[in-house]
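Enquirer: Chains as they are written, first to last, in the numbering used here: chain B, 1 to 499; chain Y, 1 to 95; chain D, 1 to 494.
In short, the hints are calculated from the structure, not lab data. Warning: the hint list may mix true and false statements.
What the hints assert, rightly or not - Listed next, the in silico EDC-like pairs over lysine to aspartate or glutamate satisfying Cα-Cα at most 16 Å (straight line):
#  : chain 1 : residue 1 : chain 2 : residue 2
1  : D       : Lys181    : D       : Glu117
2  : D       : Lys139    : Y       : Glu18
3  : D       : Lys105    : Y       : Glu95
4  : Y       : Lys78     : B       : Asp380
5  : Y       : Lys78     : B       : Asp49
6  : B       : Lys353    : Y       : Asp21
7  : D       : Lys105    : B       : Asp155
8  : Y       : Lys92     : B       : Asp349
9  : Y       : Lys10     : B       : Asp380
10 : B       : Lys353    : Y       : Glu18
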Amino acid sequence: MRDLTKLTLSAARDALHKKDISAAELTEAHLRAIDDASELNAYIEVTADKAMDMAVGADKMINAGNAHGMTGIPIGIKDLYCTKGVHSQSSSHILDGFKPEYESTVTSNLWADGAVMLGKTNQDEFAMGSSNENSHYGPVKNPWRADKKNGDLSDKNTVPGGSSGGSAAAVAADTSIAATGTDTGGSIRQPASFTGLVGLKPTYGRCSRWGMIAFASSLDQAGPLTKTVRDAAIMMESMAGYDPKDSTSTNIPVPNYEAALTGDIRGLKVGIPREYRVDGMPNGIETLWSQGIDWLKDAGAEIIDISLPHTKYALPTYYIVAPAECSSNLARYDGVKYGLRVNGDSLDDMYKKTRAAGFGDEVKRRILIGTYVLSAGYYDAYYLKAQRVRTLIANDFKLAYEKCDVILTPTAPSAAFNLGEKVSDPLSMYLNDVFTVPASLAGLPGISVPAGLNSQGLPLGLQLIGQAFGEEQLLAVADVLECAAGFKAKPKKWWGDKS
Amino acid sequence: MSVDKETVAKIANLARIEVSDNELENTMGELNNILDWVEQLSEVNTDGIEAMTSVVAADLPLREDKITDGGYREEVIKNAPLAEHGFFAVPKVIE
Amino acid sequence: MSKLYPGATGNWEAVIGLEVHAQVISESKLFSGSATAFGAEPNTQVSFVCSAQPGMLPVINQECVRQAVRTGLAMGCQINLRSVFDRKNYFYADLPQGYQISQFKDPIVGEGIVNIELEDGSNKDIGVERLHLEQDAGKSMHDQHPTMTYVDLNRSGVALMEIVSKPEMSTPEEAAEYFKKIRSLVRYAGTCDGNMDQGSMRADVNVSVRRPGEELGTRTETKNVNSIRYVMQVVESEIRRQIDVIEDGGRINQETRLFEVATGTTRTMRSKEEAHDYRYFPDPDLLPLEFSQQFVDDLAKDMPELSDAKKKRFISDLHITPYNAGVLVAEKESADYFEALLSATVEKSEKPTSELGSLVSNWVTGDLFGALNKLGIGITSSPVSISHAAELLSLQIDGTISGRIAKEVFENMLESGKSPEIIVEEKGLKQVSDTGEIEAMIDEILANNVDKVEEYRGGKSKLFGFFVGQVMQKTQGKANPQVVNQLLKPKLDD
Ligand SMILES: [Mg+2]
Ligand SMILES: [Zn+2]
Numbered sequence: 001m002r003d004l005t006k007l008t009l010s011a012a013r014d015a016l017h018k019k020d021i022s023a024a025e026l027t028e029a030h031l032r033a034i035d036d037a038s039e040l041n042a043y044i045e046v047t048a049d050k051a052m053d054m055a056v057g058a059d060k061m062i063n064a065g066n067a068h069g070m071t072g073i074p075i076g077i078k079d080l081y082c083t084k085g086v087h088s089q090s091s092s093h094i095l096d097g098f099k100p101e102y103e104s105t106v107t108s109n110l111w112a113d114g115a116v117m118l119g120k121t122n123q124d125e126f127a128m129g130s131s132n133e134n135s136h137y138g139p140v141k142n143p144w145r146a147d148k149k150n151g152d153l154s155d156k157n158t159v160p161g162g163s164s165g166g167s168a169a170a171v172a173a174d175t176s177i178a179a180t181g182t183d184t185g186g187s188i189r190q191p192a193s194f195t196g197l198v199g200l201k202p203t204y205g206r207c208s209r210w211g212m213i214a215f216a217s218s219l220d221q222a223g224p225l226t227k228t229v230r231d232a233a234i235m236m237e238s239m240a241g242y243d244p245k246d247s248t249s250t251n252i253p254v255p256n257y258e259a260a261l262t263g264d265i266r267g268l269k270v271g272i273p274r275e276y277r278v279d280g281m282p283n284g285i286e287t288l289w290s291q292g293i294d295w296l297k298d299a300g301a302e303i304i305d306i307s308l309p310h311t312k313y314a315l316p317t318y319y320i321v322a323p324a325e326c327s328s329n330l331a332r333y334d335g336v337k338y339g340l341r342v343n344g345d346s347l348d349d350m351y352k353k354t355r356a357a358g359f360g361d362e363v364k365r366r367i368l369i370g371t372y373v374l375s376a377g378y379y380d381a382y383y384l385k386a387q388r389v390r391t392l393i394a395n396d397f398k399l400a401y402e403k404c405d406v407i408l409t410p411t412a413p414s415a416a417f418n419l420g421e422k423v424s425d426p427l428s429m430y431l432n433d434v435f436t437v438p439a440s441l442a443g444l445p446g447i448s449v450p451a452g453l454n455s456q457g458l459p460l461g462l463q464l465i466g467q468a469f470g471e472e473q474l475l476a477v478a479d480v481l482e483c484a485a486g487f488k489a490k491p492k493k494w495w496g497d498k499s
Numbered sequence: 001m002s003v004d005k006e007t008v009a010k011i012a013n014l015a016r017i018e019v020s021d022n023e024l025e026n027t028m029g030e031l032n033n034i035l036d037w038v039e040q041l042s043e044v045n046t047d048g049i050e051a052m053t054s055v056v057a058a059d060l061p062l063r064e065d066k067i068t069d070g071g072y073r074e075e076v077i078k079n080a081p082l083a084e085h086g087f088f089a090v091p092k093v094i095e
Numbered sequence: 001m002s003k004l005y006p007g008a009t010g011n012w013e014a015v016i017g018l019e020v021h022a023q024v025i026s027e028s029k030l031f032s033g034s035a036t037a038f039g040a041e042p043n044t045q046v047s048f049v050c051s052a053q054p055g056m057l058p059v060i061n062q063e064c065v066r067q068a069v070r071t072g073l074a075m076g077c078q079i080n081l082r083s084v085f086d087r088k089n090y091f092y093a094d095l096p097q098g099y100q101i102s103q104f105k106d107p108i109v110g111e112g113i114v115n116i117e118l119e120d121g122s123n124k125d126i127g128v129e130r131l132h133l134e135q136d137a138g139k140s141m142h143d144q145h146p147t148m149t150y151v152d153l154n155r156s157g158v159a160l161m162e163i164v165s166k167p168e169m170s171t172p173e174e175a176a177e178y179f180k181k182i183r184s185l186v187r188y189a190g191t192c193d194g195n196m197d198q199g200s201m202r203a204d205v206n207v208s209v210r211r212p213g214e215e216l217g218t219r220t221e222t223k224n225v226n227s228i229r230y231v232m233q234v235v236e237s238e239i240r241r242q243i244d245v246i247e248d249g250g251r252i253n254q255e256t257r258l259f260e261v262a263t264g265t266t267r268t269m270r271s272k273e274e275a276h277d278y279r280y281f282p283d284p285d286l287l288p289l290e291f292s293q294q295f296v297d298d299l300a301k302d303m304p305e306l307s308d309a310k311k312k313r314f315i316s317d318l319h320i321t322p323y324n325a326g327v328l329v330a331e332k333e334s335a336d337y338f339e340a341l342l343s344a345t346v347e348k349s350e351k352p353t354s355e356l357g358s359l360v361s362n363w364v365t366g367d368l369f370g371a372l373n374k375l376g377i378g379i380t381s382s383p384v385s386i387s388h389a390a391e392l393l394s395l396q397i398d399g400t401i402s403g404r405i406a407k408e409v410f411e412n413m414l415e416s417g418k419s420p421e422i423i424v425e426e427k428g429l430k431q432v433s434d435t436g437e438i439e440a441m442i443d444e445i446l447a448n449n450v451d452k453v454e455e456y457r458g459g460k461s462k463l464f465g466f467f468v469g470q471v472m473q474k475t476q477g478k479a480n481p482q483v484v485n486q487l488l489k490p491k492l493d494d
């Protein structure tokens, strides 16, 4: 019997629709794979019974002729999404025991289309991190390990990237067909690049944020992590849509993204921003980027040099704006309404003890930075300044899009690094997001496409940045890029049952 | 601009996060590293540039004035660490 | 010229500003669809949004926006077509988000002017700095448990208008009149019920003292003062306290204080001792609030008549005394009752409005208010309905009963709740206007009092009243006094 966990979303969909396979057997296969891969620590809660119930429901939908693209597709859900009656803690200790009485809009959309929830995936606490080492539930291990010189697999673990590292590892290890992620400064795209997956962050406002545990409200967006661009298109269509419960959600119809994958990008103008050539970027990435340019040129696109002059300031801007918003968004975790409470002599004492015990180091660091940059006397110099620079960054893109249609860049400045390597150096960790943060600040869609392996056999991604609500065009180019790159590599299995 | 220990303590208090005296030093170092690094924004000329208030160009949606929510106390207090007689309960506050 | 307060070392003057929090009249909350009604069981009017559950987001209620604009229009303020919602960050048990959504730099309503009338009849303009929309917090109950505070979030997220005055008041009376005036304006505009017992309206009172003409002193802010009398007490006691502190060589701390009803004084609020740093910044969950001038103009067109305009109209069109007009418009319900009664009386008596204004206003402010006062109830719970009152006044207008009998009937109405026509019928109180009957009575009285008639004719004209009184006694007050006068005069002067 063929291994159903190797199927892409689109292949599984076709097989389900033709009734070659059932949602129940597809779900069972993935639940077994999850068991087998428990040492990756990708899932922090497996909802096996719920999954089987949903799969049975999905099979009924298919039999009744009501199947959607996502019907019967078993997926992992980042812990950050509130899922009714199920563990939803954004991987934080401070939300201990919290089971929401409501369901996020994005997951509701997925369930309405018949998708199947396998469980909640691990992540950096409150989505703050680029390696998934900041989880209360421990780090996630990347299914990909480097090759040693002799060709053997290293026994060192690498990080899956973050913050959607659990989702990325789950899909890369074939324990779910796809997974939801969230991206604030690169948290979908960077882990996609580290794990050889496609990761799409749509335009800010495309997906509802209602029921997503907030990190930085002006940046957070939901998106899929999938095996292929086509899979991303199918899943995006289900997740996206206007939501009157989110005032920043945009009321424009969701197109048929899959229909946009025409394979024809002739005449399309692809911008190459010169500022993304940063010092110290590994050769492999530089080379891959050049290759990507050639692939698109070969497909008939026109390559145009562009300038995004404020790129260098995007990261420091992000590290003012995001902490500022997080310091306020995380004020609600105070031991009163839900989650952890550590008793104290007074209300304030209870607050301080609860928050000291409940938040991890990185979260505390960002809350403190955010509190500082908003405080009296510093607001203008930091927060206001950063929001002005943010306008300049957004303007850079506006000007660039007068000359080009999409922008091609590397996704991350390196491949997956070793677990523990950067954990004690916050700043070097922050630099991981150098290529993904600018689009986040401008609210633009971005997608990471797996394009090759580095010299150690670790995957590398290329990023395409689109125009606001230009997901169709973005996916079309990504599809061509994916096709040209022909990335078919899979991590060598070192976990679980190795047979 | 860099922060001293006293400022770190003040921020921690504003943020209601207990930071012990021996953690202060280390936290101060970390914060200063980050603050020194973001300091580079001061070299950007932002004269006459509007601060960004929203990345999407849209109007604030307005809701109709109707009662469409609430009325489910059990669900609201269900996750509370301590609730009594339908109230959330916290250590006594003296005004 | 500000009022001066003498101290041991010379005169002082006071500078007073008010921040009035007025709860917006709306069905649902500012950013969530939960109900706003007063008095519900704890935490039953709470949604996941107003209890700040993870991932919940605010969506603004359009009626609250309209109410804020209407209030701004009522105060003659500038309406800002673009405003921004900010987060005011602080921790408190009844503030579930850890921040209050408010408006800081760009409020929905800007400057305006409110005119107050003082007891000596003089007027003063008080500047309004701004009005902004914000969320109310929940309610903490500190006295329900020995070691715990209980939190009810029913109020959490209810829309408030914070109306900030300029520091342009200088006496307790001015502060009280300003507070009253704001209450009257919002109630006339229909934007806040002004119900202070239920916390729909409360004031933060800012007071400082200084030597005449010198720079502003340090101010204190006394929070949540919920009656007009308390506002006066806060101002009085703060002026006194501050003068004493400074004259004793002390300094005023800029602090938050609490009013204590029992002593009528204020004290430092312990829970708010530490300096605040609210870290305001634009709420990233909301976009700026923008609307057109047309939106404002449409609301302006539909604004109800406010108290100042009403008072003017009562005086000029209805010929009501300025005093009565002032009494009637002071409470919206009084003005409403009066206007309804006036039109009912016009309809019943078929007399023109301009002829009845004075009579009806005298009756409402005199007889009715007197009775309600005695009963200790307000006009909305008046035991005399508008139709009964109109009936009563019409009986008087068409001469069926005299003014004196009318008072008697009114007493009876208060007790029995019966209609005045039935009371007059049952008790036979109809006025006697039959000239023959009255003339016979007069003749008899004159015949029985020959000596008095002689005295009258001798020049003691005061005795005229004696003869009228005799007729009234004979008819138990039912004789039409006009008819009595007409008949009596020629007979005596014969
Ligand atoms: Mg105040
Ligand atoms: Zn306020």
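Enquirer: Has the given pair, lysine 105 of chain D with aspartate 155 of chain B, been kept, meaning a C-alpha gap of at most 16 Å?
Expert: Not satisfied, since the Cα-Cα distance of roughly 57 Å exceeds 16 Å.
Enquirer: Just to be careful, I want the Cα atoms of lysine 353 of chain B and glutamate 18 of chain Y compared with a cutoff of 16 Å; is the pair within it?
Expert: This hinted pair holds, its Cα atoms lying about 6 Å apart.
Enquirer: Quickly compare the C-alpha distance for lysine 92 of chain Y and aspartate 349 of chain B to 16 Å and report which way the hint goes.
Expert: Holds. Lysine 92 of chain Y to aspartate 349 of chain B sits at ~11 Å (cutoff 16 Å).
Enquirer: For the pair supplied as a hint, lysine 10 of chain Y and aspartate 380 of chain B, is the alpha-carbon distance within the 16 Å limit?
Expert: violated, 19 Å
Enquirer: Taking only the CA atoms, is the gap from lysine 353 of chain B to aspartate 21 of chain Y under or equal to 16 Å?
Expert: holds, 14 Å
Enquirer: Is the hinted pair lysine 181 of chain D and glutamate 117 of chain D satisfied, with a Cα-Cα distance of at most 16 Å?
Expert: Given pair lysine 181 of chain D, glutamate 117 of chain D holds - Cα atoms ~9 Å apart, limit 16 Å.
Enquirer: CA of lysine 78 of chain Y to CA of aspartate 380 of chain B, is that 16 Å or under?
Expert: violated, 41 Å
Enquirer: With the threshold set at 16 Å, check whether the alpha-carbon distance from lysine 139 of chain D to glutamate 18 of chain Y stays at or below it.
Expert: violated, 26 Å
Enquirer: Holds or violated: are the alpha carbons of lysine 78 of chain Y and aspartate 49 of chain B at most 16 Å from each other?
Expert: Not satisfied, since the Cα-Cα distance of roughly 23 Å exceeds 16 Å.
Enquirer: Is lysine 105 of chain D within 16 Å of glutamate 95 of chain Y, Cα to Cα?
Expert: At roughly 29 Å apart (the allowed maximum being 16 Å), glutamate 95 of chain Y and lysine 105 of chain D break the hint.
This entry does not satisfy hints 2, 3, 4, 5, 7, 9, going by the numbered hints stated previously.
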